[in-house]
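Using the sequences plus the hints, can you model the full thing?
Residue numbers (the working numbering), protein chains in the order written: chain A, 227 to 550; chain B, 227 to 550.
It should be emphasised that the hints constitute simulated quantities derived from the structure, not laboratory data. Please note that a few of the clues may not be correct.
Straight-line distance between alpha carbons at most 30 Å, and here's what the computed BS3-like set of lysine-lysine pairs gives [said to hold, decoys possible]:
1. Lys393/A - Lys393/B
2. Lys491/A - Lys238/A
3. Lys388/B - Lys393/A
Nothing here was measured: the structure is a model prediction, and the numbers come from that model.
Number of protein chains: 2
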Amino acid sequence: MKKILVAASFPKEAMRGLTELAEVFWLRDLSEGELDALLPSVDCLFVQFWPQELTRERLARMTRLSFVQSALAGVNHIPFGDLPPGVRVSSNAGGYSDEVGEFAWALLLSGAKRVVRWNRAPEASVGRSPLELGRDVIVLRDGVLGVLGYGGIGRVVAGFGKAFGMKVMALTRNSVDEEDVEPLVGDAGLDTILKASDAVVIALPLTNSTRGLIGKDRLEFMKRGAILVNVARAEIIDQRAMYQHLLLNTDFVYATDVWWTKEGKEMYPPELPFFGLGNFVGSPHVAGPSAAAAGRPLRNSLDNLLRFAKGEAVSNVVDPADYV
Amino acid sequence: MKKILVAASFPKEAMRGLTELAEVFWLRDLSEGELDALLPSVDCLFVQFWPQELTRERLARMTRLSFVQSALAGVNHIPFGDLPPGVRVSSNAGGYSDEVGEFAWALLLSGAKRVVRWNRAPEASVGRSPLELGRDVIVLRDGVLGVLGYGGIGRVVAGFGKAFGMKVMALTRNSVDEEDVEPLVGDAGLDTILKASDAVVIALPLTNSTRGLIGKDRLEFMKRGAILVNVARAEIIDQRAMYQHLLLNTDFVYATDVWWTKEGKEMYPPELPFFGLGNFVGSPHVAGPSAAAAGRPLRNSLDNLLRFAKGEAVSNVVDPADYV
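As structure tokens, then:
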């Protein structure tokens, strides 16, 4: 039987199926000494956020480790550089798609329809003509939706865009089956999408090549009244450039569920006073957790762990070169 | 040539097509004396809000009047009891469907995903675990959507519900073509929909039979954590019952673009302090105006006026018995 060390905060009873096929240990049950004794025999790690107990030194002693399953869709929290050679890492891609896709569309519509602005300061609309106020509302039908990243979440968001009568363009390295979604690649593809789009949803992983992908220059050639939605990772956007852009372009909206990190911790509220801006919409990183509450991410990652325990091929293996 | 009196605030150049087929007069161009002289020869009125110049006495003198076209989708502003006998009235049904449908979905998602709550008081989430916060988020997929009124707006909203993976139930007197929309009628049908739904969108006209349709009793048998969206007319809901229900049921959300009237005028902000409630979302009646800004309602009502001018059958004629 394989040995699996669990460092995720799911209830134990939810993992009963796995305990029949593997020896499962819970990090939170182990003393420092017990953990040290166990390390050389662990085959697999199941992590949510990377546990601080698993230092570089301890990882070096996990000589049997061959597989790491992330409970999160993003794997940028995993210290790829410190993993023993040959260890495969799987993301929880798809486990959060429906719920995060719904949340992205909520952020997009809250921005496009100015719902947040009107509810932060209801009195600002008093005495103004509805016909005048109505001109501030963005209509999505017949507009262009840019989807950056065409994985599980991107596909769900693209589906909503089509249901709303939008033309959909997707940034993706993979092929796209849907005839009515235009796939584009690389920096030139990204620029084309940003220039054409009335609304853009970021659903990319945070990798070496996506960090800082959208800075001052790219923001400046987006449409003046565009909505930019982020349900991926904040670091894909340059924080200072974003703040300046919102200050100077009051019709542009940035709506985000994710926040820039400082010393590995998401800063909420952020360092810059985004919440003071009328064209900003923010939520406290709840899109993924709303899926976790529904139970599907756990089932999705458990399915992969069961495959590993049975010696079958695992899904959603990431390329370490994207992260080291 | 028919004589058409225009009392709507559209630009004159937008109505050029009509002026080739009919004699068009603009209320705002006429002195009191000119208006009085014109009244007996007017065949048709094109109104947006009912103009105060057209008193009961003046209406009685419009002996040739045979048709009233409303620029608004709702016709409850029209004084049916004062119209000369035999005058047909057409609503602008369909002219606002796409835009108001989009807006309804924005209100629904802003409520379901708690986006407004988090942006009114961002600091309230600080230090709380995202997993705990995520449990407050309503996931629409696999839930039930109730659509009250299955006209143009109701159909658009039902389409969004299906795209979001919801089961759709519709309250309608008409037949429903879509196989995956369950039609229900009457008070019993309404009760069934309200009891089953996770989200309800009101897209009914305000008529004698829909005024006060949803009061204390019906609110109390809705789901505790349901979202109720109103893009129709506020008076379909009892104001005081709604306020009390929100106070006592903090997981229930009321999200509205329309407001209760006092002496014929919409009260925004409302008389009761709805904006002080964390489970309320409000916007200053901009769903329709956002469509007006896009130009489609004008084209839609102009098409009907052109039919009238050519002596063809007009569309969207309402039944006065619903309003007198």
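Consistency of the hints with the structure:
no.	hint	result
1	Lys393/A - Lys393/B	holds, 26 Å
2	Lys491/A - Lys238/A	holds, 27 Å
3	Lys388/B - Lys393/A	holds, 19 Å
Consistency note: the structure conflicts with none of the earlier hints.
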